[in-house]
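Colleague: The lines below spell out each chain.
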Amino acid sequence: MLLITCPFCGPRDESEFACGGEAHIVRPADPAALTDAQWADYLFMRKNVKGVHFERWMHSHGCRRWFNAARDTVTHQFLAFYKMGEQAPDIAPVSYTARPAPRTDPALPADPALHTDREGAR
Amino acid sequence: MPEGYLRQSPLASLGLAARAATAADAAGVTMGERERVMLVNLRGDGVDRGFLDRVRQALEVDLPAEPNTAAEGTRHRVLWLGPNEWLVVAGEGEQLAAALDAALAGLHVSVTDISDARAVIALSGAQARDVLAKGCPLDLHPRSFGPMRCAQSRLAKVAVLIDQRDDAPSYDLYVLRSQARYLWRWLDDAAREYAVRIIRP
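The listed protein sequences correspond, in order, to chains A and B. Letter 100 of the first sequence, counting from 1, is numbered 100 in the working numbering, and no numbers are missing. Letter 107 of the second sequence, counting from 1, is numbered 229 in the working numbering, and no numbers are missing.
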């Protein structure tokens, strides 16, 4: 469960919110002047950041207002919340170049069931 | 709005009137449906002095500016829904929407009568907070949620507007009409362990 701070209502449960994807995408001033590739880039192409991501959220079960948030996509930690129209805060990007260590939890079996199921399906 | 004689509570099929307690039995939770309430959704510019002044003249109460708070006037209760959105609650028989329309003529506002779209469930008693906590992510502890506070959230997966009226604690739950029966039955079940008394508020 994430605790998300609505700029109007304060901290609320994640289940009250809807995520609206990447923030700060500016609509081109003159769409007719763009090439198809540029227009497609505006419509469809989004960043897939590993680290700090600026995104839009809506408090859909609360005050139903949109706002912006900065979230680390690796840890899910929220770094900032700010209203629509406000400047994005200056947050240094985090580098996640090192590969995460493989999971070594002795309490868990080396998932033999998963493998046998897959073998059986073939 | 349908003709008055066609108006029927969404909880009519539950036969609450027959279950209503006649004696004041000991109960941890008291529930009832607040029928025939007039609800108007009001939207306008919350920082426009002209708009706020004209609403105050029409309703004789200031619109609450602080998020998630309520304001009580002589005839109306106003709940904050958003920075430019409020819910005005009044008793039946008021020509509330028409009065607001007339008072705000010429301004960029929206006045919508939603009386028939919502059901209002009154929940109170010493254990009322525990019942709500079973299905609601809000922090309802008195230090963060008390009288004259309201909040829109989820209760048993249903969107509700919760309005705390006093310290008993007493809550009014505003829920969409089509989900009212489900929510009532969920509350009835959740409150059973504390003993439920049904009243006609």
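It is possible that some hints are incorrect.
Said to hold, decoys possible - Chain B regions said to be covered by chain A (calculated; three or more residues, Cβ under 8 Å):
1. 198 to 208
2. 261 to 275
To be verified - Some chain B residues close to chain A (C-beta under 7 Å, calculated; not the full set):
3. SER135
4. GLY137
5. ALA281
Calculated from the structure, these hints are not laboratory results. Cβ atoms here follow ideal geometry from the backbone N, Cα and C, with glycine treated the same way.
Colleague: Per the CB criterion, is ALA281/B less than 7 Å away from chain A?
Modeller: holds, 5 Å
Colleague: Does the nearest C-beta of chain A fall within a distance shorter than 7 Å of the C-beta of SER135/B?
Modeller: Not OK, violated: SER135/B not within 7 Å of chain A, min 27 Å.
Colleague: Quick check: the region 261 to 275 of chain B, covered by chain A? Criterion 3+ residues, Cβ under 8 Å.
Modeller: Coverage by chain A holds here, the residue count being 3 at a Cβ distance below 8 Å.
Colleague: Verify this for me: three or more residues of the region 198 to 208 of chain B with a beta carbon less than 8 Å from a beta carbon of chain A.
Modeller: holds (count 4)
Colleague: Taking 7 Å as the limit, does the beta-carbon of GLY137/B come near enough to a beta-carbon in chain A?
Modeller: violated, 31 Å
Hints 3, 4, counting from the list given before, are not met by this structure.
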